[in-house]
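Enquirer: In the order they appear, the protein sequences are chains A and B. Sequential numbering of the first sequence, starting at 1, is according to our numbering. Sequential numbering of the second sequence, starting at 1, is according to our numbering.
Read the hints as simulated data drawn from the structure, not as lab findings. These numbers were taken from a predicted model, which means no experiment stands behind them. We put the CB at the ideal spot given by N, CA and C, even for glycine. There may be inaccurate statements among the hints.
[What the hints assert, rightly or not] Which chain B residues face chain A? A few, computed with CB under 8 Å, are given here:
| hint | residue |
| --- | --- |
| 1 | M190 |
| 2 | K229 |
| 3 | S354 |
| 4 | G356 |
| 5 | S359 |
| 6 | T365 |
| 7 | G366 |
| 8 | L387 |
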Amino acid sequence: MIKVTIDGVETEVEPGTTILNAARQIGGDLVPPAMCYYSKLKGSGGKCRTCLVKVSAGSAKDPRPMPKLVASCSTPVQDGMVVQNITSPEVLEARKGVVEFLLINHPLDCPICDQAGECHLQDLAFEHGSAKTRYEEERRSFDKIDIGSKIQLHMTRCILCYRCVFTANQITNERVHGVLNRGDAAEIGTYIQNVIENDFSGNVIDVCPVGALTDKTFRFKSRVWFVKPMYAHRNCDKCCGKTTVWMKGDEVFRVTGRKDQYGEVEDFICNDCRFDKKLASDWTVEGPAPIQRNSVQAQNKYLQGIKVDAPKNIGYGNISDR
Amino acid sequence: MARKLLLENINVPGVKSFNVYRANGGYRSVEKALKTMSPDDVMEEVKKSGLRGRGGAGFPTGMKWSFLDRKSDKPRYLVCNADESEPGTFKDRFLMEYIPHLLIEGLIVSSYSLGSNTTYIYIRGEYRWIVDILENAIAEAKHNGFLGKNILGSGYDLEIYVQPGGGAYICGEETALIESLEGKRGNPRMKPPFPAISGLYNCPTVVNNVETLATVVPIINMGGDEYAKIGVGRSTGTKLISACGHMNKPGVYEIELGLPVDEFLNSDEYCGGIRAGHTLKAVVPGGSSVPILPAELFYKTKEGVARLMSYESLSEGGFASGSMLGSGGFIAMDETTCIVRNLWNFTRFYHHESCGQCSPCREGTGWMEKVLHRLEHGHGSMSDIDLLVDIAKKIEGNTICPLGDAAAWPVASHIRHFREEFEYHVKFPEKVAHSPFAHSVDYKRELNTVLQ
Chain A
1 MIKVTIDGVE TEVEPGTTIL NAARQIGGDL VPPAMCYYSK LKGSGGKCRT
51 CLVKVSAGSA KDPRPMPKLV ASCSTPVQDG MVVQNITSPE VLEARKGVVE
101 FLLINHPLDC PICDQAGECH LQDLAFEHGS AKTRYEEERR SFDKIDIGSK
151 IQLHMTRCIL CYRCVFTANQ ITNERVHGVL NRGDAAEIGT YIQNVIENDF
201 SGNVIDVCPV GALTDKTFRF KSRVWFVKPM YAHRNCDKCC GKTTVWMKGD
251 EVFRVTGRKD QYGEVEDFIC NDCRFDKKLA SDWTVEGPAP IQRNSVQAQN
301 KYLQGIKVDA PKNIGYGNIS DR
Chain B
1 MARKLLLENI NVPGVKSFNV YRANGGYRSV EKALKTMSPD DVMEEVKKSG
51 LRGRGGAGFP TGMKWSFLDR KSDKPRYLVC NADESEPGTF KDRFLMEYIP
101 HLLIEGLIVS SYSLGSNTTY IYIRGEYRWI VDILENAIAE AKHNGFLGKN
151 ILGSGYDLEI YVQPGGGAYI CGEETALIES LEGKRGNPRM KPPFPAISGL
201 YNCPTVVNNV ETLATVVPII NMGGDEYAKI GVGRSTGTKL ISACGHMNKP
251 GVYEIELGLP VDEFLNSDEY CGGIRAGHTL KAVVPGGSSV PILPAELFYK
301 TKEGVARLMS YESLSEGGFA SGSMLGSGGF IAMDETTCIV RNLWNFTRFY
351 HHESCGQCSP CREGTGWMEK VLHRLEHGHG SMSDIDLLVD IAKKIEGNTI
401 CPLGDAAAWP VASHIRHFRE EFEYHVKFPE KVAHSPFAHS VDYKRELNTV
451 LQ
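Make a model of the complete structure from these sequences and hints.
Expert: In structure tokens form, the structure reads like this:
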């Protein structure tokens with residue numbers, strides 16, 4: 001075991017643990033946010049740069065600080081490493097910058113977005129962002145892209161975290177989508193108007209940290225805070241069959257994978273469970289699911305009467321885009 | 001006349017062919033290394049030479065080689081980075097086109113030292129005609145027993161393959177290059193692990209620039225100690241400089257490191273001075289990604305010390321008043337240059353070439369380009385200038401690979417040294433708007449003269 005100190009809190013972790021996972025073992029406010037890292041997806045992380053931290057001492061052997069901020073999700077801890085997260089003004093400033101960059105091409109259409117209330121970008125912007133944007137240029141827009149009967153892609157909301165690409169690569173047989181183009185013209189797309197249809201494709205919805213990939217069987221049926229998450233299971237020959245069903249009374253509104261406190265699914269579930277089993281009789285309901293950290297139901301900290309200067313040209317979406 | 005090591009035989013007719021190259025002393029280093037030296041001996045000579053990577057970062061080559069995981073039972077790879085794409089840099093092209101066997105010779109010796117039996121030349125896609133030149137040189141070397149099985153009876157086998165890339169600037173970054181070589185999208189990898197531990201096909205890999213590998217030839221021929229005597233301080237040996245811009249004699253020059261910048265720019269042996277009737281305004285000494293230097297900081301540092309063409313001297317003063325030798329892409333600009341337009345042009349390039357993987361570079365480069373477009377066309381405001389500085393600050397150091405820095409440094413330095421010119425664009429929009437050309441007053445006068 002090796003010792004690492006994060007924001008003054010010392011902990012012991014296995015060699016090879018990343019700074020982010022070491023912080024997660026401690027828990028609380030000193031856990032860096034992560035938009036692209038997903039512990040269940042090999043190779044994910046390092047891209048969004050929201051988890052940047054300052055390493056003020058590299059290790060006990062070499063206590064020199066690292067010259068640049070590092071991505072905590074991909075940097076392994078060393079014995080005696082000292083890390084600053086929320087105690088470093090430099091980190092907070094850099095993170096504020098990252099939020100500003102991410103919000104350049106992400107419309108603040110939370111009022112009509114199905115991810116509202118469980119969106120990691122909302123939390124990130126609330127905790128680390130600025131109430132104003134300095135971006136005055138034209139934002140990018142997209143034609144509606146049809147990628148299948150069950151999944152809706154809203155490319156305008158995508159922050160290019162690559163999670164869905166890794167998911168498609170690692171847990172589905174027929175990967176037909178990926179990242180096209182480069183720079184700020186990069187977009188998630190399918191290979192020549194293809195559709196995403198295989199038994200586990202629905203998991204791209206669960207891993208999406210924003211509302212870019214949404215469930216067509218649930219869209220606009222309810223806000224998440226009006227439905228109750230319940231742990232439920234069924235015998236399934238394709239997946240573990242253990243899910244969270246989102247219910248209002250006896251009606252099942254949607255089915256998702258069970259998620260941990262960092263919003264990451266515990267087990268990926270199949271499309272049959274997710275999209276086709278929408279009757280209460282399909283499921284053995286175990287009881288209420290714990291409310292996730294990233295759910296608006298758990299937040300309870302949005303201040304009343306907070307005044308925010310909304311940016312110009314704020315996009316509320318168009319009915320034809322839905 | 002300065003000493004030439006790489007371009008010594010450049011004017012020999014037919015030196016592109018094996019026979020002429022060999023007759024002029026070519027492939028001596030291969031014979032010396034394979035017959036009289038162990039792989040470790042070769043590495044030791046490279047370390048002694050003090051050779052620093054000629055691709056731009058200037059990392060000591062011998063040290064980089066020593067990081068290679070030699071305990072691994074996987075194959076080791078040497079990859080030659082010929083993806084020269086930095087605006088202003090065209091030295092590797094020259095070397096590969098006119099004296100290709102020098103690179104092949106350097107690759108054989110370096111591969112032998114690193115224990116690599118398969119070596120790749122990853123070349124910029126636009127250099128299509130050079131692919132043919134290199135493949136011809138490889139075939140000639142193989143035909144004459146310098147490549148293939150049991151080279152010169154030493155028991156050492158080596159194959160060299162040339163792989164053209166898709167023409168993306170980011171593929172010059174070593175991990176993106178490896179991804180591209182593996183047939184994937186050219187996105188930089190997260191480090192660690194470094195290529196020396198897990199590179200091409202997850203095997204230990206060294207990636208070196210064309211010029212670096214070619215320089216191994218004179219190092220082995222003359223010995224590391226002798227090579228280290230050339231140059232100044234930790235900048236040892238010679239360096240190819242690709243010079244362009246408003247000078248009388250643009251071209252590729254081999255200089256001994258430590259040459260005074262004044263001599264390089266103004267002597268007839270090299271650039272031949274700024275074009276007649278004009279004065280030097282600024283210099284980008286190491287390719288478009290390095291900070292720009294105004295004329296007063298180019299010839300002398302802030303402390304008044306004369307600048308030399310060396311890694312240390314050009315970076316003296318840090319980014320506040322210095323720059324970098326970088327890849328040696330030397331761009332000189334006279335007083336007719338519009339600095340705002342120049343920066344917009346550079347930034348357009350980095351915006352276009354950002355791979356889009358990490359948020360600060362993906363969004364930041366585009367944002368800077370749009371703000372600069374407005375400023376250049378007379379639609380900017382004073383706050384835009386500070387905004388640009390702030391965006392650059394938010395990108396710098398926060399990205400996966402150095403492309404973010406490469407985009408941010410020019411912005412920060414252009415504004416630091418030429419802020420008045422940016423303010424001029426804001427104060428006098430009518431003078432800069434709708435102009436299809438650079439709009440310095442002198443340029444306009446010159447243009448009017450031409451039109452009359």
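Enquirer: All the hints need checking, so say for each whether the structure fits it.
Expert: Right, here's what the structure says about each hint:
no. : hint : result
1   : M190 : holds (4 Å)
2   : K229 : violated (32 Å)
3   : S354 : holds (4 Å)
4   : G356 : holds (3 Å)
5   : S359 : holds (5 Å)
6   : T365 : holds (7 Å)
7   : G366 : holds (4 Å)
8   : L387 : holds (6 Å)
The structure fails hint 2 only (numbered hints given earlier).
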